[in-house]
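Novice: Sequence:
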Amino acid sequence: AAASGGKVVSFQSTSFTSYSSVTAARPGWDDTAVLYNEMNGLGTTVTFTPASATNILWVAGSFAICLDGGTELGIGIVEEISGVRDVKGFWVNSTAGDDLIGEFSVVCSYVCGTTSLMEVQAKVGSKDAGTIYLNGTSAGRLFGGISKCQLCVMEISPN
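Numbering (the numbering used here), first residue to last: 1486 to 1644.
Please note: incorrect hints may appear among the correct ones.
Computed spacing ranges between beta-carbons, pair by pair [claimed, not checked]: (1) Glu1565 x Ala1536: 14 to 22 Å; (2) Ala1614 x Thr1539: 40 to 48 Å; (3) Gly1554 x Ser1495: 17 to 25 Å.
Straight-line C-alpha distance at most 27 Å; calculated DSS-like pairs for lysine-lysine [said to hold, decoys possible]: (4) Lys1573 x Lys1633; (5) Lys1573 x Lys1492; (6) Lys1612 x Lys1633; (7) Lys1573 x Lys1612.
Just so you know, the hints here were simulated from the structure itself, not pulled from any lab data.
Glycine included, every Cβ here is placed at the ideal spot set by N, Cα and C.
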């Protein structure tokens, strides 16, 4: 049988192009559910109202990050609806060590489940205390000043 396709209902995107840093340690780096308050924001938040509760959200992000002094970098996608926050995806670079620097990409998808106003944001943390730099390792941005953190949310109708 042929697979049926969907259609894009909306597309929202935001980017964070400044250099900044956060100190982050995720307490309880173990096999329990990741909590939104165990990570710090990346300055990327998309706010929108889904057209249908049965639509699918496809969330993708690309983040220029340097980890200094910590181990095991973690990146999470967090949804907030009416003050209730839920981690929708969490990825760990377990080879990360002191002075890790790179471009990290994450993708997740899930059913909207509501037509209420929602926020989708990216957050970051590390296993041990350290400093996480966004878009560089000093006041200047990397790669000739073009590095950035970006978050995109696409709403797809399954019909």
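Novice: Does the structure break any of the earlier hints, and which numbers would those be?
Specialist: Of the numbered hints, just 3 does not hold.
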